[in-house]
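Mapping to our numbering: the sequence shown position 44 is 44, numbers consecutive.
Errors might be hidden in some of the hints.
[Unchecked claim] Computed beta-carbon distance windows for the label pairs: (1) ILE44 x THR14: 25 to 31 Å; (2) HIS21 x CYS45: 16 to 22 Å; (3) GLU38 x SER12: 27 to 33 Å; (4) THR35 x SER13: 17 to 23 Å; (5) LEU31 x ASP11: 23 to 29 Å; (6) CYS45 x LYS65: 29 to 35 Å; (7) GLU38 x ASP11: 17 to 23 Å; (8) PRO24 x GLU64: 40 to 46 Å; (9) ASP46 x THR14: 21 to 27 Å; (10) GLU64 x HIS17: 34 to 40 Å; (11) ALA59 x HIS21: 17 to 23 Å.
[Unchecked claim] With a straight-line Cα cutoff of 16 Å, these simulated EDC-like cross-link-like pairs (lysine to aspartate or glutamate) come out: (12) LYS29 x ASP11; (13) LYS29 x GLU60; (14) LYS65 x GLU38; (15) LYS65 x ASP11.
It should be emphasised that the hints constitute simulated quantities derived from the structure, not laboratory data. Backbone N, C-alpha and C define an ideal beta-carbon position, used for all residues, glycine too.
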Amino acid sequence: MIGSVYEQSLDSSTRRHGGVHYTPYEVAKRLARITLSELPSGPICDPSVGGGAFLLAVAEYLSEKEYLQRR
1 MIGSVYEQSL DSSTRRHGGV HYTPYEVAKR LARITLSELP SGPICDPSVG
51 GGAFLLAVAE YLSEKEYLQR R
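Kindly generate the complete structure, drawing on both the sequences and the hints.
Structure, rendered in structure tokens:
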């Protein structure tokens with residue numbers, strides 16, 4: 001995952017100085033599953049994107065549920 005590589009490439013002082021915080025992918029996956037337990041009827045937006053963990057977790061969840069293939 002490119003986001004993960006980017007996150008790891010930033011040293012701690014750069015992250016601290018910029019106020020950069022990343023959600024661990026396993027946390028993003030869990031939150032996506034909880035949030036999407038009932039499939040949404042509209043588009044999904046991740047306004048802060050960051051490393052893309054939430055967006056990837058949502059895409060993975062919807063793919064597992066075969067929601068993306070039907071659209």
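State, for the Cβ atoms of HIS21 and CYS45, whether the hinted interval 16 to 22 Å holds or is violated.
-> holds, 20 Å
Could you tell me whether the CB distance from LEU31 to ASP11 stays inside 23 to 29 Å?
-> About 27 Å separates the Cβ atoms of LEU31 and ASP11, which means 23 to 29 Å holds.
Within a Cα-Cα threshold of 16 Å, do LYS29 and ASP11 meet the stated pairing?
-> Violated. LYS29 to ASP11 sits at ~25 Å, over the 16 Å cutoff.
Take a look at whether the Cβ-Cβ distance between PRO24 and GLU64 falls inside 40 to 46 Å.
-> violated, 20 Å
Could you say whether the range 17 to 23 Å given as a hint is met by the Cβ separation of GLU38 and ASP11?
-> The hinted range 17 to 23 Å is violated for GLU38 and ASP11, with Cβ atoms some 41 Å apart.
Cβ-Cβ distance between GLU38 and SER12: within 27 to 33 Å?
-> Cβ of GLU38 to Cβ of SER12: about 39 Å, so the range 27 to 33 Å is violated.
Do ILE44 and THR14 keep their Cβ atoms within the hinted range of 25 to 31 Å?
-> Given range 25 to 31 Å: holds, Cβ gap about 30 Å.
Pair hint LYS65 and ASP11, alpha-carbon separation not exceeding 16 Å = Distance ~37 Å between LYS65 and ASP11 Cα, so the pair is violated.
Distance restraint hint 29 to 35 Å, applied to the beta-carbon atoms of CYS45 and LYS65 | violated, 19 Å
Is the gap between the beta carbons of ASP46 and THR14 within 21 to 27 Å?
-> holds, 22 Å
Does the Cβ-Cβ separation between THR35 and SER13 fall within 17 to 23 Å?
-> violated, 33 Å
Hint consistency between LYS65 and GLU38 [alpha-carbon to alpha-carbon, up to 16 Å] = holds, 11 Å
Checked against the numbered hints above, the structure violates hints 3, 4, 6, 7, 8, 12, 15; every other hint is satisfied.
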